[in-house]
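Engineer: Build out the structure end to end from the sequences listed, making use of the hints.
Protein chains: 2
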Amino acid sequence: MKVKTAGCIIIGNEILTGKTKDSNMSYLAIELFKSGIDLIEARHVRDIEQDIVSAVLELSKKYDYVFTSGGIGPTHDDITTQSIAKAFNADVYLDEKAHAILKEYYGDALNEARLKMAKIPYGAELIFNHVTQAPGFYIKNVYVMAGVPKIFHAMLGEVLPKLQKGSIISSISEIFHLPEADIAKSLGKIAYNYAKDGVDIGSYPKIEGDSWILEIVVRSRDINLAESVMNEIKASFAEIKPSFDKKDLMSLL
Amino acid sequence: MKVKTAGCIIIGNEILTGKTKDSNMSYLAIELFKSGIDLIEARHVRDIEQDIVSAVLELSKKYDYVFTSGGIGPTHDDITTQSIAKAFNADVYLDEKAHAILKEYYGDALNEARLKMAKIPYGAELIFNHVTQAPGFYIKNVYVMAGVPKIFHAMLGEVLPKLQKGSIISSISEIFHLPEADIAKSLGKIAYNYAKDGVDIGSYPKIEGDSWILEIVVRSRDINLAESVMNEIKASFAEIKPSFDKKDLMSLL
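Listed in order, the protein sequences are those of chains B and S.
The first sequence begins at 1 in our numbering and counts up by one.
The second sequence begins at 1 in our numbering and counts up by one.
Simulated from the structure, these hints should not be mistaken for laboratory data.
Which copy? The list can't say, so a pair holds if one copy fits it or any two copies do.
No farther apart than 25 angstroms at their CA atoms in a straight line, the calculated lysine-lysine pairs in the DSS-like style are these:
hint: 1; residue 1: Lys-185; residue 2: Lys-103
hint: 2; residue 1: Lys-86; residue 2: Lys-97
hint: 3; residue 1: Lys-206; residue 2: Lys-116
hint: 4; residue 1: Lys-206; residue 2: Lys-189
hint: 5; residue 1: Lys-86; residue 2: Lys-189
hint: 6; residue 1: Lys-97; residue 2: Lys-116
hint: 7; residue 1: Lys-150; residue 2: Lys-21
hint: 8; residue 1: Lys-61; residue 2: Lys-34
hint: 9; residue 1: Lys-21; residue 2: Lys-34
hint: 10; residue 1: Lys-189; residue 2: Lys-119
hint: 11; residue 1: Lys-19; residue 2: Lys-2
hint: 12; residue 1: Lys-62; residue 2: Lys-86
hint: 13; residue 1: Lys-19; residue 2: Lys-150
hint: 14; residue 1: Lys-150; residue 2: Lys-246
hint: 15; residue 1: Lys-116; residue 2: Lys-189
hint: 16; residue 1: Lys-21; residue 2: Lys-206
hint: 17; residue 1: Lys-241; residue 2: Lys-103
hint: 18; residue 1: Lys-206; residue 2: Lys-246
hint: 19; residue 1: Lys-241; residue 2: Lys-206
hint: 20; residue 1: Lys-140; residue 2: Lys-2
Structural biologist: Next comes the structure, spelled out in structure tokens:
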């Protein structure tokens, strides 16, 4: 089975000015990982039509699926729908189903601004949302979802079951108290030997308070292989005498 | 004074698989905002040479400054230095100053893996780091820094004072309890009127527990203008009768 790939576009000035911390990208990364879909690239862009258009066109060509977050609400700074429409040379129209959903909920309060949330590009299909009713949509391979995390989660929950998934990647991790440089040679050899089998080995030094740990992660679509590679890593580390036994920050690497 | 622009590249498989949450991008966004440098775009890419090379080449052409995070340690998955060198067609050499720094700290423990951290592309200059000593570097307009947050912060602290900054953007925000759609028309008009003066107005509905708030943000390099625009917004909202007085999630938009 061919592995499916994905890209992600987080849209919004508030993220790039540091005003708001995005959490949707890492949520998406975890959900895609669990689904066996490989997230290859993520981009953060401003609420500027040309920036959104370029990112959508580039990523939708490169990857099987593209997920966007943000900019589909009722205010002036919500320009994602029109930008996606422009990217695909499609006009925007008032979708009947979306209109009905909003009419049922809002009744007389369905003003012009709310009606904007029922407009999608020709060729698009709705993504339903049980949290606030206003739908997202997908067009070709681009899934256009809200930025508010609870709504993003709900929309992704609607979308994911319908996608073609790959075999799940197993991820095994172990914590060590060796400086990264001491295990580099041994780990590099093992990583090189198994790269052709699609095994990805990562080495992540992390600071915890004033001390540090080293996390080694083995990822593979074959769980037995991942386990045997991790065992080989542990055996090779057992012979290593650490160049530092201090656990301070200076001996992290 | 011409405004300086920036791009950001977060490098690492661990981010794109959701294993690790990146915090460097939002830290950088805040620091650049405080410095008056506009962060225009951020990308997350894998530890794959071609992916890093493409991102570096594209962003270094588009923006005044590019900041990278991750992949400059001693292990096999740290391929940022070689990738940046490849992007700029430069060979990598053992920098004397970096070598001396590492030698002084590590002494006899300065093995081949640690020596890798003293190698930088020709034409690069060091970025010092008082946390773990191993330096980052910059080449042309690309600032190559570590992924471990404490080290990234230290390196950015070395770099920022040396950059050309713009006038600081003032950001004024107010919380309202109106659904986003009710203020859309009034806010859209004001945003349209002041866009030519470089005023950026954002509208951010947020969920807090089971309730919600609406945050309006006005950003401008002229603080007096930002304040007067916010006053105009508040005055225009005062006349609005909310279509919902419920504060539940359904009336967020």
